[in-house]
Every structure is written in C-alpha cells, then in structure tokens.
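Engineer: Residue numbers (numbering that gives the first Met the number 0): 0 to 205.
Since the hints were derived computationally from the structure, they do not count as laboratory data.
Every residue, glycine too, gets a C-beta built ideally from N, C-alpha and C.
Check before you lean on any hint, since a few could be wrong.
[Stated by the list, open to error] Derived DSSO-like pairs (lysine-lysine); straight-line CA-CA distance at most 27 Å: (1) K152 to K97; (2) K61 to K72; (3) K61 to K24; (4) K68 to K54; (5) K97 to K61; (6) K68 to K24; (7) K54 to K152; (8) K24 to K97.
[Unchecked claim] The following label-pair restraints were derived from C-beta to C-beta distances: (9) A53 to D106: 38 to 48 Å; (10) E177 to P107: 21 to 31 Å; (11) R180 to R48: 26 to 36 Å; (12) R29 to V143: 39 to 49 Å; (13) P100 to E150: 29 to 39 Å; (14) G96 to P59: 33 to 43 Å; (15) A53 to A104: 40 to 50 Å; (16) A116 to G151: 18 to 28 Å.
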Amino acid sequence: MGENHAHGGIYLIRHAETVWNAAPKRFQGRIDVGLSDRGYRQIQDYSIRLPLFAKVLTSPAKRCRDTLKDLLKTIARRPPIIEDSRLWEIDNGWFSGKTVPEVEARDPQHLRRWLDAPGSVRPGDGEKISEMAHRVTSVIEEVVEDCRGVEGKSVLIVTHGGPIRTLILQSQNRSFDEFHRLDVPNLATFMLDEMDHGFAINRVFE
C-alpha cells in the first residue's frame, strides 16, 4: 500500500472481510464481528495509493476500526480519527447473526420481501434503508461542508456495505429497492465528489 500526496477528496472504504462475510455468510448488522484471517491479508495486499488525510471518520464497529488501524500503518502522519455512530451498518433486527436459510426457516415471507423490495422493509423488524440513508447522508453533508473551499483537503471514511450502497443509489437517483443489486466488495474504495445538485460516487481502482 502506498501514498499519493497529490490528490485530495473524500474517500469511502468498506471494511475488510469478517468471519461472517465468509461462508456460511451471516447477517451482521450491529453485531460487532471481527475480521477474518483473509480480511487481514486483504489489507496487507491493498494497493490503492491513498493521500495524506486531514481527518478520518470510522464506524465504531470493530471490523471498521481494525481495518482502519492496519490501513494507516504505512502513513507517517496520523490524522485525527473520529468514531461516528451514524456510520454503522443497517440494524438487521432479529436477522442479525443468522444465515439466510435460518431466517427463511423462521419467516420465509419476511425474507422474501426483504430480498425483493428492500426499500419498504425493516429487516428483522430493525431499521429501514431510508433511516440508515438519513443518518449516513448527514455525515456526508457535514464532511462536504468541511471540505468546501479547501483545495486538496482529503478525508477518509471507513464504513460498511449498506451505507455505501445507499449513497450510491442516492447519487444516481435510484430506488432503494435496488439495494441488493449493488456489489460493494470488502475493501472496495470510492471517491465522493460534490456536484451542483448532490454528489457523485465513483469506484477507485489501482
């Protein structure tokens, strides 16, 4: 992993793989699951060149904090780190900790609604996507305002797949019912740019 001091911006990174991201996958939500061995290897192999950050925000989840800790090991100047609970993953209610077959065995209709039309469903009677989107967007708006007019300022946000999906859907004026159609792999990195009407999010590759 390297640094590139030339390009400022707002970076969004999903945490590395957890033990529940690996098969058999389980709904994580607000359960504080740690990284898998493969997750730590993913961080070691991360090769996107990151800038020097003026500020770093992270979900309080252990999987995000541990990802951030290892990502910052190669950066000489450590930026201030802020834990923000608004960056948590969606609350999956009683889905949390269960596999898809386990959820299906308990309430197949509920699971089917969540998979087919997630925008109108509280998974496991937890949090709606729109509620997650509201809290995550409030963080983004604050960061954008903080960076406005400051050329070259860079901010890193380490969060979860759910928050990143909602931001992508909103930036493209798409329905939350498309939530499951988006692929946001572990350690996927995105840059967020302010536009005249909202913001744009683009995947960053090596």
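Engineer: Which of the listed hints are broken here?
Structural biologist: 1, 12, 13, 14, 16
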